[in-house]
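Residues per chain are reported as follows:
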Amino acid sequence: MNRVAPIVQNADVGVGSIVLWGVLPYVVLAVVVGGTVWRYRYDQFGWTTRSSQLYESRILRIASPLFHFGILAVLAGHIMGLFIPASWTAAVGVTEGMYHFMALSIGTIAGIGTLLGIVLLVWRRRTTGPVFMATTRNDKFMYVMLLAALLTGLATTVISVLDQSVADYRQTVSPWFRSIWIFQPDVAAMTAAGPSFKLHALWAMALFAIWPFTRLVHAFTAPVHYLFRPYIVYRSRGTGSSSHHHSSGHRGWEPVGTQDRAHGSTKVSTRRKGAGRR
Amino acid sequence: MRVMAQVAMVMALDKCIGCHTCSVTCKQAWTNRAGTEYVWFNNVETRPGQGYPRRYEDQEKWKGGWELNRRGNLKLKAGGRWAKLFGLFASPVQPELNDYYEPWTYDYENLITAPAGTDFPVARPKSLITGEDMKIEWSANWDDNLGGAPQLGHLDPVVEKVRRESEDKIKFEFEQTFAFYLPRICEHCLNPSCMASCPSGAIYKRAEDGIVLVDQDRCRGWRQCITGCPYKKMYYNHKSGKAEKCTFCYPRIEVGIPTVCAETCVGRLRYIGIVLYDADRVSEAAATPDEQDLYAAQLDIMLDPHDPEVVAAARAEGIPEDWLDAARRSPVHILAKELRVALPLHPEYRTMPMVWYVPPLSPVVDLLKDQGHDGEDASTLFGAIDALRIPVEYLAELFTAGDTGTIREVLGKLAAMRSYMRDIALGEDPDEGIAEAVGMTGAEIRKMYRLMAIAKYEERYVIPSAHLEDAHNLEEIGCSLDVDGGPGMGQTGVFGEASGRPMPVAMENFNALQARQRGEDPTGNEDLTGRVNLLNWDGRGNPQGLFPPDSGPGNGTT
Numbered sequence: 001m002n003r004v005a006p007i008v009q010n011a012d013v014g015v016g017s018i019v020l021w022g023v024l025p026y027v028v029l030a031v032v033v034g035g036t037v038w039r040y041r042y043d044q045f046g047w048t049t050r051s052s053q054l055y056e057s058r059i060l061r062i063a064s065p066l067f068h069f070g071i072l073a074v075l076a077g078h079i080m081g082l083f084i085p086a087s088w089t090a091a092v093g094v095t096e097g098m099y100h101f102m103a104l105s106i107g108t109i110a111g112i113g114t115l116l117g118i119v120l121l122v123w124r125r126r127t128t129g130p131v132f133m134a135t136t137r138n139d140k141f142m143y144v145m146l147l148a149a150l151l152t153g154l155a156t157t158v159i160s161v162l163d164q165s166v167a168d169y170r171q172t173v174s175p176w177f178r179s180i181w182i183f184q185p186d187v188a189a190m191t192a193a194g195p196s197f198k199l200h201a202l203w204a205m206a207l208f209a210i211w212p213f214t215r216l217v218h219a220f221t222a223p224v225h226y227l228f229r230p231y232i233v234y235r236s237r238g239t240g241s242s243s244h245h246h247s248s249g250h251r252g253w254e255p256v257g258t259q260d261r262a263h264g265s266t267k268v269s270t271r272r273k274g275a276g277r278r
Numbered sequence: 001m002r003v004m005a006q007v008a009m010v011m012a013l014d015k016c017i018g019c020h021t022c023s024v025t026c027k028q029a030w031t032n033r034a035g036t037e038y039v040w041f042n043n044v045e046t047r048p049g050q051g052y053p054r055r056y057e058d059q060e061k062w063k064g065g066w067e068l069n070r071r072g073n074l075k076l077k078a079g080g081r082w083a084k085l086f087g088l089f090a091s092p093v094q095p096e097l098n099d100y101y102e103p104w105t106y107d108y109e110n111l112i113t114a115p116a117g118t119d120f121p122v123a124r125p126k127s128l129i130t131g132e133d134m135k136i137e138w139s140a141n142w143d144d145n146l147g148g149a150p151q152l153g154h155l156d157p158v159v160e161k162v163r164r165e166s167e168d169k170i171k172f173e174f175e176q177t178f179a180f181y182l183p184r185i186c187e188h189c190l191n192p193s194c195m196a197s198c199p200s201g202a203i204y205k206r207a208e209d210g211i212v213l214v215d216q217d218r219c220r221g222w223r224q225c226i227t228g229c230p231y232k233k234m235y236y237n238h239k240s241g242k243a244e245k246c247t248f249c250y251p252r253i254e255v256g257i258p259t260v261c262a263e264t265c266v267g268r269l270r271y272i273g274i275v276l277y278d279a280d281r282v283s284e285a286a287a288t289p290d291e292q293d294l295y296a297a298q299l300d301i302m303l304d305p306h307d308p309e310v311v312a313a314a315r316a317e318g319i320p321e322d323w324l325d326a327a328r329r330s331p332v333h334i335l336a337k338e339l340r341v342a343l344p345l346h347p348e349y350r351t352m353p354m355v356w357y358v359p360p361l362s363p364v365v366d367l368l369k370d371q372g373h374d375g376e377d378a379s380t381l382f383g384a385i386d387a388l389r390i391p392v393e394y395l396a397e398l399f400t401a402g403d404t405g406t407i408r409e410v411l412g413k414l415a416a417m418r419s420y421m422r423d424i425a426l427g428e429d430p431d432e433g434i435a436e437a438v439g440m441t442g443a444e445i446r447k448m449y450r451l452m453a454i455a456k457y458e459e460r461y462v463i464p465s466a467h468l469e470d471a472h473n474l475e476e477i478g479c480s481l482d483v484d485g486g487p488g489m490g491q492t493g494v495f496g497e498a499s500g501r502p503m504p505v506a507m508e509n510f511n512a513l514q515a516r517q518r519g520e521d522p523t524g525n526e527d528l529t530g531r532v533n534l535l536n537w538d539g540r541g542n543p544q545g546l547f548p549p550d551s552g553p554g555n556g557t558t
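Line order of the protein sequences matches chains E and U.
If you're matching positions, the first sequence starts at 1 in UniProt numbering and goes up one per residue.
If you're matching positions, the second sequence starts at 1 in UniProt numbering and goes up one per residue.
Excised from the complex, chain E in its bound form (with noise of 0.2 angstroms):
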């Protein structure tokens, strides 16, 4: 039990890294709820997964799948490794070494999946006329952001493998982690953790960020209710939607028509308009 207690009780802990690990993560936690929150209020017609199955399917049929269902299992990784403190799994008798090792070889296959994943899609949708129409700058940003952060994340486990010096993500960023949610942030424990660690937290936070404001915001609203609600639904026309209206009565009409790709013509870009809506 000596083992799995703070390591980092002493360091020294500075300004930059109060901002960081202290004050950061709240920060972005507010945005993530306000936005989500604000985007749920205000733009229920823009909450979609905006699919571009209709343009392209060969592709997308294997590589969506590899993508999501390779981040669940990076998601589901995360949260055993953020959430549960060594000590537990110490004490139903899984010892450091065979933890690390499933960690590292499900993360790693699980990482490599959601990575080839996601440049396959990410070349899909550079290389697919209609699809790449169809990508708005959001969008562009977007996927460098959560590139970045899963090339990040996959550096930490290399990192981890190959430098054994690199202290244990468990006694560090886990504790940290956990700490910010009971509202006193182990700053120490997260300044002693490696810098890849670091890097990677960095631009996770910095990927729940823009969360809310890009099409990310679908996983919000993953379907799991669908396996409990009835097959059929009535709704009464006096109730109208469950949501608010606020918009102008003319959202999601907007003229057909679209660049003319040889001549590069002044004929009216459809997506221009729409784009930061999306």
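Bear in mind the hints are in silico, worked out from the structure with no lab data behind them.
Each hint should be verified, as a subset may be incorrect.
To be verified - Now the stretches of chain E that chain U is said to cover, found in silico as 3 or more residues with beta-carbon under 8 angstroms: (1) 13-20; (2) 35-47; (3) 51-58; (4) 129-140; (5) 225-236.
Unchecked claim - What follows is a list of derived Cβ distance ranges for each label pair: (6) U:ALA123 to E:LYS140: 27 to 35 angstroms; (7) U:SER465 to E:VAL27: 36 to 44 angstroms; (8) U:GLU96 to E:ARG126: 17 to 25 angstroms.
A virtual CB, placed ideally from N, CA and C, is assigned to each residue, including glycine.
Position chain U relative to chain E; hints supplied.
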């Protein structure tokens, strides 16, 4: 018994001339937007033909609708709830754009801006999806009027099936067989599989009128409904990322006017009315073991609005009196349930569709005429219906899950109507034997004739308006509008045209038009207060204020 009301439609296919007016007006009204270029809520298919999207009836491929599991319970053909959730990331059997068609426009600008040269400038087709030059290879009705049938006709899934079942004995010579048009909209099913497929629960059936709609705010673009609908009448708006579908023109239905497709139908083949049904027995009926019994099961859950027990139950459910009255006069109820000449499209999908079709007799009549027979003689017609296997079997695959007996009965009734009414038209005594031969009475045949051949506007469309006072509390503003004709006489509010509370736009225009068209003054000037609402101007007369005062002498009093 839980009585519910459903707005339903009947299309009499004999009257369809395949002009596509319904498709075009529907498109102008609903899908003339970016993201829905390829979408036709209403389309008209030539049958035999592949339909739109191509081969949508091949459910072995597209997995639409319901099937029965081993225990005899309903199950989505594309898989249960878990299967749907696992298929979320890449919908396994969703049609791609090519299965519909790649929408295009033409580079008309080139016609006027091309520099002088030896070549005549052309308007090249440009894809509305990629903006690139494209070669047009398919569209929503590319095989219109059997175009390309000798090469592509065998790709019609129904042709495939009929051929398979007749063990290839029938050689299709399309030009010698038959063709008819099949206009299709959303079926607004009683047991909709699109709704059951929606992970978000965004698709709903309106409790008041049974219209199936997509809540655009709750749709998250999981696309499962597109697979779920066996008629492929759910569409994905690729710009908004939301599912869209035929709305049965609910803003028009709510104020008592027919859908755009029905209103603009030049053949007057569409009928709209109310049907009462027992909502408690829908699942049971849809789970009828034998596919060929589904039609009877569907008729069975449709309730008789003349039955006092049904009326009492309907009142208990809060269905208003004017709706019950409309249900009694409903052309859909008369054609489908009383006369039994209207049939559901593909009942074997087990969705209990609510757009009904009177199958066409014209292929039979045309063939008889071509062969020099009398196409209106009862015995010739009856004999021909029995002899012409191909049309009957084909129609049976569309409307009765392959039950040719029912098709024969319906065609027999249509044939009987022709012969029976011809005698009357020629001033002879009608032959009651003709009516009896198809199990009808002369009175029933006359009723059918009045509805189908005379087809008065008021009898084709029996649409009770929605009780908007419940939702919008119109009574509240009634005081300022409580004039002759009631709310929305055309002008709103006491302070002139733009005052008062906003009204549903369809209601305002409808009432304004009706008041003027049936009013004394063709210009409707007495209603106008010095301002012109162009929306209400139908081109008649010269309303005050529309044009500047005449500057010439003598006529300057306007």
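Status of each hint after checking the structure:
Counting residues of the stretch 13-20 of chain E whose beta carbon lies closer than 8 angstroms to any beta carbon of chain U gives 0, which falls short of the minimum of three for the stated coverage. Three residues within the 8 angstroms Cβ limit are the bar, and the stretch 35-47 of chain E against chain U gives 3, so the coverage statement holds. Counting residues of the stretch 51-58 of chain E whose beta-carbon sits less than 8 angstroms from any beta-carbon of chain U gives 7, enough to reach three: the coverage restraint holds. Under the rule that three or more residues need a Cβ within less than 8 angstroms of chain U, the assignment of the stretch 129-140 of chain E holds, with 4 such residues.
Counting residues of the stretch 225-236 of chain E whose C-beta sits closer than 8 angstroms to any C-beta of chain U gives 10, which meets the bar of three, so the coverage hint holds. A C-beta distance of roughly 34 angstroms is found between ALA123 of chain U and LYS140 of chain E, which places it inside the suggested range of 27 to 35 angstroms. At about 54 angstroms, the beta-carbon gap between SER465 of chain U and VAL27 of chain E misses the expected band of 36 to 44 angstroms. For the pair GLU96 of chain U and ARG126 of chain E, the supplied restraint of 17 to 25 angstroms holds, since their beta-carbon distance comes to about 19 angstroms.
The earlier numbered hints that this structure contradicts are 1 and 7.
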